[in-house]
Structure formats: structure tokens, C-alpha cells
Amino acid sequence: MTRDPAKLLYAETHEWADVSEQDGEKIATIGLSAFAIEQLNDLVYMDLPEVGKAVSAGEEFGEVESVKAVSPLYSPVSGEVIEVHTDLPDTLDQLNDDPYDFGWIVRVKVNDASNLSQLMDAAAYAKQCSEAG
Amino acid sequence: MNAPLATTPLDPWHRSAGAKMVPFAGYEMPIQYSSIVAEHQACRTAAALFDVSHMGRLRFDGVGSEALLDSLLTRRVSDLEVGRVRYGLVCNAEGGVLDDVLVSHLETPSGQRYHMMVVNASNHEKIKQWITPHVADFPGVTMSDRTELTAMIAVQGPKAIAVCKKLFAFDPNRLKYYHAKITEQFGKPVILSRTGYTGEDGFELVIRADDAARVWENLLLVGRDEGFAAAGLGARDTLRMEAAMPLYGHELGETIDPISAGLSFACNLEGRQFIGDEALRTLKSAGPPQTRIGLLPEGKRPAREGCGVLDSTGNPIGVVTSGGPSPTLGRPIAMALVNTADAMGADFQIDIRGKTVAAVATPLPFYKRR
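Top to bottom, those sequences are chains D and A.
Counted the way this note's numbering counts, the first sequence spans residues 1 to 133.
Counted the way this note's numbering counts, the second sequence spans residues 1001 to 1370.
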């Protein structure tokens, strides 16, 4: 599978969400944008939630650490964590090369889809990044 | 309203090189150009150039300068020969550290001798204000602030001296550690010191502000094929942490005494009077309340400044003063101030934002050059 970053949804806090339907449920795969990974630079650690954890849109679900600083990871959606990319903390150097496929962080079963409309499309997110950069 | 940030004479170069700039001690400074780890490794394997122009440079002229400095510093300056540099502390009457400084005794080509004190950027104004009333007690002594007129560059790494020697009228190789000399680069004056803040061999130089960009570019050019790189404050911090050098505001401060910080060697108390001497004498004989230790946290998660340190049974005994990943060791390292009575423990724990991680004490520095 090759995820197309142009078709993803983005939070202001730089997480992406790929929302798909499975058996009538919305499942969001969540990761960190290439822009964020480049800005963070020199990643050394990631603290991830456990399967079963309830997450809320806009709230912290983990941490990513660069050489210099700790940055929170915010969930773009509300729901329950159903899968965690547990190999990721040991392979952070690969995140730079492939933030959208290899770099998925968690999968969340969305229990409240109302906030999905708050997320940005790729064009709006690109605009935010160009203004920040 | 906050005062506008100052810039160093190398500011245009940093921006043209794509540096990420951050506010630091009243200046806009480069934190990194590309990657902190790459800049760190350039310093450990070849050499890195740091713009340290934000640090304060105070010049003391006149008979009586030595007596003035002797009255302010934890180490004697009056026996500092021309061409030597000494590390010392400026303390308050309680023995708290106002700043840690380097003092050089220099001689101009025309034979004029003076002392130069390099102070931390964050303490520059405080130290100037601290010293000013004391200068008045020593007629004939003048203190002049040379910071804005000059730039300061650190060149640090195993190849720094050998590669850069072609650039100066004086071979830096002939300069011993903690020695300094006024020399020239292409006819312009340079203060060259064999000092640094990374744990590597190297030198620091003070040049005229309008000469900064040319000297910086020459240094990069001469070392280009050897792997020299410009490095920002990010790498400067990881390097000094590996070398276990104290950083003001972390391992040192007005509420931290130099004995606790592990700087007894920089407190020369015998037969001396200076501000804070009595407090330090008492601390030295009674033993300081805290001790600086090195810790290796288990796993990959770095402990950061402010994380609590616990003993093996979970009692809080201190706090991490600096911590982060060590690019050289490939694992997290941390320095902490802990209660002296608990400092000998073999097993510690660190509370990293709510999760407890085991840590073992390790001798400092974490990294020592071969």
C-alpha cells in the first residue's frame, strides 16, 4: 500500500489521519507529517499508547522526542486505539524516509466522527506549513 | 514589552546557511544548521565552528586590575602569567554562583597588558552591574565592555589545531591548553585561546566584529575537506553535556554553590579573601548539601532537566539538571544534583514525566577524548 499524502486529513498539530471504513466502522490510521518530522529533526524516542486506550481529538496520546526536546503527539480523532506500531520507537531513523506508510503510529476506531470535519485537507495543511516555515 | 533581540556579526551568514534561529539570552542564535547529531559528530571527528559572539567580553586595564579581580573571583588572578587563562567563579556573599568565567592575561604587540573576562551571555549585564561599583574602589582600573565591538568563534575538534594552523601568524599548536595569545590573521588582530566547551581540543578566538564573516568563512574553507562544519547551540549543549561541563542555570546558579556543583578545584580558598570566601569555607568544611552526579537512565527515553531523582526505594533525593540523548554513546545521559548523603547510592530512579525509569550512577565526564 502506498498512502498518498495529498488524500489525507491533517490536524493543526501536524498529525495526519487516513480514515477508512471497515465493517461499518470508521478506522483512522494516524501518523506525523513529513513537515513535522523534518522540523523535529534527530528523533530519538517515541512514547506510544497501549491498545485499548481511549483517545480524544486534540488531546495528547503520546510523545515524540528529538535530541533537543520533547513534543506531544495529539490525536486528530476520538475513539479507541486498536493497533499500535510498536516497532516504530526502535526504527525512528526510518520515519524521515517514509512518514506516510512505514511511519504510521496508531490505528483508532473512531467513535465520534463529528470532529473529522475540523481537520484540514492537504492543501489547507500545506498552506499552514508554508506560513510557519 | 520585551527588548528586541540582538544579533551577532555572523547573523547574515547563519541565515544564508539556512540555520534555524532561536532567541537565546537576548540574542537570535542558530540552534542548528542541518542536524544536531551531524554537527555533534563533526565536532567529535573533525571540527565544528560555533558562533559564541553572544558571550560577554569585559576588558580590565590599569594597575590594580589584578587586585580587583582577586577580590571578586574564587581563584587568584594576580599570579596569572601573561599568556595564561584561568577558569573561576564570581560568587555572592552566600557562596552562590553569579557566573562562571574565563580570565585571560594578555599582552598587545606594543607591550600593553590587560585582563579579559569572558562571561555567560545570560549573565553579561548582571556581572557588569556587579563589578561596576567594585571598579570604583580601585583607582586607575577601567572596565570596558568589548562585546559589541568584537565577535567570538570557537573551533573545536580533533583536527581543529592542525588544520587551522595555516591561518594564523602564530601556530596554535605552540599554545598549551589554557594559554592565550594575541596574534594576527591576514594583518588583523586576533585573540587566540586554547580553550573550549565541548571536551575536544581546539581554540576560541576573539576578533573585530567587522572581521567576523571573513574569519568564519576562512576557517570553514580551510577545514572543508577535513569535515569541518558549522554547529549551533543544540550541538554545543549535547557536546558539553557529554563532557560534563556545568552550564549556568542548570548545574550552576545563585542558589547552587560551587562545591555542590563539583567545582572545588575552581575555589582557591587558602589565604585568600574574596566575596563569598567565608561561605565557601564553611561549605567546604561542613560538606555541601548537594552533589552533582552522572546518571545513565535505562532504555532509550531521555531524562530531561527538572525530572525528579529518587533513591532505590522511591524517596525523592534530587533533580536532573541536564539530560538528553548522547550522540556519541548512543544512549541517554543525565547530570543531577542530589542530596550529598544519598549520592553514593548505586541504584537510582528517575521520574520521567510520571514514569519511573531505573538509572545507575556513572563517573563524570560521560565522554573523554583519547
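It is possible that some hints are incorrect.
[Claimed, not checked] Below, a sample of chain D positions facing chain A; criterion: calculated Cβ distance under 8 Å:
#1 Tyr45
#2 Glu50
#3 Glu65
#4 Val67
#5 Val70
#6 His85
#7 Asp93
#8 Ala122
Since the hints were derived computationally from the structure, they do not count as laboratory data.
For glycine and all other residues, C-beta sits at the position ideal for the given N, C-alpha and C.
Hints versus structure:
no.: 1; hint: Tyr45; in the structure: holds, 5 Å
no.: 2; hint: Glu50; in the structure: violated, 13 Å
no.: 3; hint: Glu65; in the structure: holds, 6 Å
no.: 4; hint: Val67; in the structure: holds, 5 Å
no.: 5; hint: Val70; in the structure: holds, 7 Å
no.: 6; hint: His85; in the structure: violated, 16 Å
no.: 7; hint: Asp93; in the structure: violated, 10 Å
no.: 8; hint: Ala122; in the structure: violated, 25 Å
In summary, the structure is inconsistent with hints 2, 6, 7, 8 from the numbered list given earlier, while agreeing with the others.
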